[in-house]
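I would like the entire structure built from these sequences, with the hints used as guidance.
There are 2 protein chains.
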Amino acid sequence: MPNYRMLLQYDGTRYAGWQKQGNTDRTIQGKLETLLSRVCEETVEVAGAGRTDAGVHAAGQVANFRLQRAWDAETLREKMQRYLPEDVAVLCLEEAPERFHSRLNARGKTYEYRIWNDPVPNVFERRFLTWIQEPLDTDRMGLAAAEFLGTRDFRAFCSLKRYKKSTVRHIERLDVSRQGAEVRITATGDGFLYHMVRILAGTLIEVGRGERRPEDMAGILNSLNREEAGATAPPQGLILRSVRYDNPIFVD
Amino acid sequence: MPNYRMLLQYDGTRYAGWQKQGNTDRTIQGKLETLLSRVCEETVEVAGAGRTDAGVHAAGQVANFRLQRAWDAETLREKMQRYLPEDVAVLCLEEAPERFHSRLNARGKTYEYRIWNDPVPNVFERRFLTWIQEPLDTDRMGLAAAEFLGTRDFRAFCSLKRYKKSTVRHIERLDVSRQGAEVRITATGDGFLYHMVRILAGTLIEVGRGERRPEDMAGILNSLNREEAGATAPPQGLILRSVRYDNPIFVD
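Those protein sequences? They're chains H and V, same order as listed.
Residue numbers for the first sequence, in this note's numbering: 1 to 252.
Residue numbers for the second sequence, in this note's numbering: 1 to 252.
The hints are simulated quantities; they were obtained by calculation from the structure and are not laboratory data.
Mixed in with the good hints, there may be bad ones.
Said to hold, decoys possible - Which residues of chain V face chain H? A few of them, derived with a C-beta cut under 8 Å, are: (1) D87; (2) V88; (3) E94; (4) Y163.
From the three backbone atoms N, C-alpha and C, an ideal C-beta is built for every residue, glycine too.
Rendered as structure tokens:
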């Protein structure tokens with residue numbers, strides 16, 4: 001069965017997240033499966049690299065699907081784009097090696113959390129920013145962020161209560177930068193637990209407000225207790241920027 | 001009566017344009033007057049520099065209003081922002097000279113028309129871009145744009161049929177630039193007729209598609225006939241960028 005992979009962008013505002021939920025069509029995965037099944041006249045299942053939450057966006061989501069009948073990749077991309085709503089785009093579509101799986105083969109993911117830190121709101125990008133009026137101390141946030149680098153048990157940064165699998169993850173990059181009124185938290189790691197990036201962002205925001213100290217981060221990690229970490233930051237500031245694999249994809 | 005001026009930004013998607021229409025609240029002017037009248041507990045009339053159409057945006061609209069009772073400008077700005085919807089922002093508010101009028105004193109305005117020129121749509125900025133999939137020849141568009149510079153009768157570029165006032169306007173800048181997939185038409189002039197920027201953009205798009213030649217522009221101008229010019233380009237690509245006055249405003 002030929003296997004295809006695609007690079008996707010979406011404005012997550014209107015959606016209940018990536019993952020299909022029963023019969024609802026308000027998920028990105030559900031929309032794509034319904035569309036591909038109609039276009040290809042067979043039942044198609046789509047696997048995504050990152051299961052973005054409700055309201056979370058993607059600039060570089062990767063997904064793959066198998067078909068009984070082979071299609072020319074560019075013809076299929078154009079056909080999909082014609083029927084997709086205006087808040088979802090297929091940037092690239094190509095045939096993939098038979099065993100490629102977008103999630104199982106992913107070696108790393110980069111997420112960005114964008115904050116508009118100004119007394120005056122940003123009307124044009126408001127759907128992709130979390131607005132915080134009080135000034136954030138990004139130097140302190142950066143010091144706190146550095147405490148999370150490396151291989152750690154992030155159980156305190158996971159919203160699922162009874163999580164049976166390992167909560168150990170490796171974070172290779174977590175930094176905080178400011179450009180004018182925008183504060184951006186960039187996180188790269190081998191994988192992230194449920195709500196993990198938003199809880200990290202929420203905790204760093206509390207540091208930026210002076211409610212917590214950078215040196216408190218180690219204690220939160222060691223507690224393994226969700227209640228010790230900060231609030232889960234709102235979804236609209238979060239975007240899945242890119243997914244990394246061993247071999248480069250979509251290269252031509 | 002103290003006079004105030006403000007610098008405004010809005011996402012025009014949800015609105016029926018700047019100008020108040022009877023009792024509707026779906027205009028920017030209507031929203032601002034209702035809000036200011038409530039906050040200041042007196043009837044307030046707001047004058048705007050540019051009467052943006054339905055669906056058109058503003059990054060630098062200037063408006064002024066007079067009050068019976070003086071207010072501290074920053075207090076008033078904060079109060080307004082608290083009650084404004086998230087698609088309208090007051091960037092600055094300051095007391096203005098008694099005789100200042102945002103429209104009558106305006107010496108020039110700059111509009112931008114933004115086009116996303118790519119087979120793949122832009123999901124994040126789609127509300128502020130007109131999507132054109134077929135490649136546009138921006139060199140040809142630039143040559144055509146240069147034909148409109150100077151003081152001309154733009155009657156062929158005005159949607160109002162029986163327009164009794166002068167249709168002569170001075171355009172000091174009209175250029176076409178491309179940055180990646182985005183094509184931007186920038187227009188600066190002493191004033192623009194009803195739909196003028198959108199008809200100029202629509203005509204330049206037809207040049208970019210090869211449907212018209214740059215050397216056809218002079219004939220369209222000379223015809224003084226709306227039917228000779230191109231289609232009115234859709235509103236969502238248009239944004240009022242800035243308004244110029246003799247004396248600089250909002251300088252501190």
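Answer holds if the nearest beta-carbon of chain H is closer than 8 Å to that of Y163(V); otherwise answer violated.
violated, 32 Å
Given E94(V) was flagged as interface, is its beta-carbon under 8 Å from a beta-carbon of chain H?
Check failed: Cβ of E94(V) comes no nearer than 14 Å to chain H, outside 8 Å.
Chain H contact restraint on D87(V) - CB to CB distance below 8 Å
holds, 5 Å
Does the nearest C-beta of chain H fall within a distance shorter than 8 Å of the C-beta of V88(V)?
holds, 6 Å
In summary, the numbered hints that this structure violates are 3 and 4.
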